[in-house]
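There are 2 protein chains.
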Amino acid sequence: MRIGELSKVTEVPVPTIKYYLREGLLPAGELSSPNQASYGEPHVRRLRLIRALVELAQVPVAQVKDILESLDSDDVPLHEQIGRAHRALTPTRKQTATEEARIAATTQVTDLITRRGWTVEPEAPALATLIETVAAFRTLSQDNLVTLLDAYADAVDSFAALEIEAVTANPTRDQLAESVVIGTILGETLISSLRLLAQESTSAKHWKNR
Amino acid sequence: MRIGELSKVTEVPVPTIKYYLREGLLPAGELSSPNQASYGEPHVRRLRLIRALVELAQVPVAQVKDILESLDSDDVPLHEQIGRAHRALTPTRKQTATEEARIAATTQVTDLITRRGWTVEPEAPALATLIETVAAFRTLSQDNLVTLLDAYADAVDSFAALEIEAVTANPTRDQLAESVVIGTILGETLISSLRLLAQESTSAKHWKNR
DNA sequence: GTTTATGGATACTGATACTATCCATCACAG
DNA sequence: CTGTGATGGATAGTATCAGTATCCATAAAC
Numbered sequence: 000m001r002i003g004e005l006s007k008v009t010e011v012p013v014p015t016i017k018y019y020l021r022e023g024l025l026p027a028g029e030l031s032s033p034n035q036a037s038y039g040e041p042h043v044r045r046l047r048l049i050r051a052l053v054e055l056a057q058v059p060v061a062q063v064k065d066i067l068e069s070l071d072s073d074d075v076p077l078h079e080q081i082g083r084a085h086r087a088l089t090p091t092r093k094q095t096a097t098e099e100a101r102i103a104a105t106t107q108v109t110d111l112i113t114r115r116g117w118t119v120e121p122e123a124p125a126l127a128t129l130i131e132t133v134a135a136f137r138t139l140s141q142d143n144l145v146t147l148l149d150a151y152a153d154a155v156d157s158f159a160a161l162e163i164e165a166v167t168a169n170p171t172r173d174q175l176a177e178s179v180v181i182g183t184i185l186g187e188t189l190i191s192s193l194r195l196l197a198q199e200s201t202s203a204k205h206w207k208n209r
Numbered sequence: 000m001r002i003g004e005l006s007k008v009t010e011v012p013v014p015t016i017k018y019y020l021r022e023g024l025l026p027a028g029e030l031s032s033p034n035q036a037s038y039g040e041p042h043v044r045r046l047r048l049i050r051a052l053v054e055l056a057q058v059p060v061a062q063v064k065d066i067l068e069s070l071d072s073d074d075v076p077l078h079e080q081i082g083r084a085h086r087a088l089t090p091t092r093k094q095t096a097t098e099e100a101r102i103a104a105t106t107q108v109t110d111l112i113t114r115r116g117w118t119v120e121p122e123a124p125a126l127a128t129l130i131e132t133v134a135a136f137r138t139l140s141q142d143n144l145v146t147l148l149d150a151y152a153d154a155v156d157s158f159a160a161l162e163i164e165a166v167t168a169n170p171t172r173d174q175l176a177e178s179v180v181i182g183t184i185l186g187e188t189l190i191s192s193l194r195l196l197a198q199e200s201t202s203a204k205h206w207k208n209r
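Chains as they are written, first to last, in numbering that gives the first Met the number 0: chain B, 0 to 209; chain L, 0 to 209.
Hint data in this document are derived by calculation from the structure and do not stem from the laboratory.
Keep in mind that the hints are not guaranteed to be accurate.
Since the list gives no way to pick out one identical chain from another, each pair is judged satisfied if it fits inside one copy or across any two copies.
List time: in silico EDC-like cross-link candidates among lysine to aspartate or glutamate, alpha-carbon distance up to 20 angstroms [stated by the list, open to error]:
| no. | residue 1 | residue 2 |
| --- | --- | --- |
| 1 | K93 | E29 |
| 2 | K204 | E164 |
| 3 | K7 | E99 |
| 4 | K7 | E98 |
Keep in mind it's a predicted model, so treat the numbers as computed, not measured.
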């Protein structure tokens, strides 16, 4: 398969494929001559994965590269794999809340983690975001919404357990790692759009009038 | 309060505040002379809200403008308010899955909605994303993860109910609308970071070895 | 044997979210 | 009442990101 056909089956424009090749997201095809390379099924799969991460999950190209590199090297432990996926989903964010709200939020989140017995590194990328978000709720005087934290945590805890179960059905380490990454990242998009649909429905029933 | 002080208390640079003024995200201060305006507490609150949406929730500035405009006009129905928040969270995404996966996904999602008795408009922004995401899971041969859809839907359904409860504690329509918007948008960031923490913890316990 | 496609390199583009610079006031310290 | 610094408003410039476009020499297809 040459680049034109690869483009046709994946519906990704040729210049974009070339761009991914340049950026090292997609491995080069096998060269038969200086300007003829052939691509195979793995390229199709990889390209679809790239597009799902970039288009659907809105993961920056540079992070996708990082994730794919760790998927390709089989000496990256699964836990680190997940760490990279998490970093792809949590950009470093500036602080938006007030100092006092942040202090209160830190306590609240720390308590939550202790109470649930979660094992979380203090440098976990999501930790700072969670604290900042709780602090933002407080700063914006939405303390009432913060009371839902435990309910959210319950749900999210059960997600993690279910996902592990679903994902460990995969026999090989490669497939497992890929599942974990896809589940982590696309799972986010899935849950998000599901939540919006549930909200839309509830809102339609509740406030059709106001 | 003049712009310098506004900048100091919110920690937003003056040029950025000017930019938000230009873009119409922040209402102009009251002019006492052609080059003296004074800002008040509402400006502080509004600016913090803008920063939370832009920095924390990564909502594009143009969408924030749209949301704030509808918050400010009291003739936008609450359901439409939510619709705008949803649109801010669901960029139009290109299709990344195969045609057959999309067909299967459409059926699956439609069934889910019917089964749960959700009221969803066919043009709901999240619907296309959900279908495309399910289709992506299938295309990437992660069908096993798709079986979790119902579990996710359960959780998400209960979120919506809880959120309504938490939010309707607000007496005035203005506060209610603001709560709904903040809850919808920052709630997403909250759930996301919580989920990542739960995963991190579960992953640490499960795969510390591999 | 001419038209079309390809690999590889380099340059350009459009969108987004700011930053920087100017300038004519304005406020206020001395 | 004058000099210093901040301000409002306008316009221009910048950085980053994710592609697009263009070239060219070569290879493939008809």
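Status of the hints after comparison with the structure:
1. K93 - E29: neither (44 angstroms within a copy, 29 angstroms between copies)
2. K204 - E164: Between copies, since 14 angstroms is at most 20 angstroms while 35 angstroms is not.
3. K7 - E99: Answer is between; shortest inter-copy Cα gap is 16 angstroms, intra-copy 55 angstroms.
4. K7 - E98: between (53 angstroms within a copy, 13 angstroms between copies)
Of the numbered hints listed earlier, the single one contradicted by the structure is hint 1.
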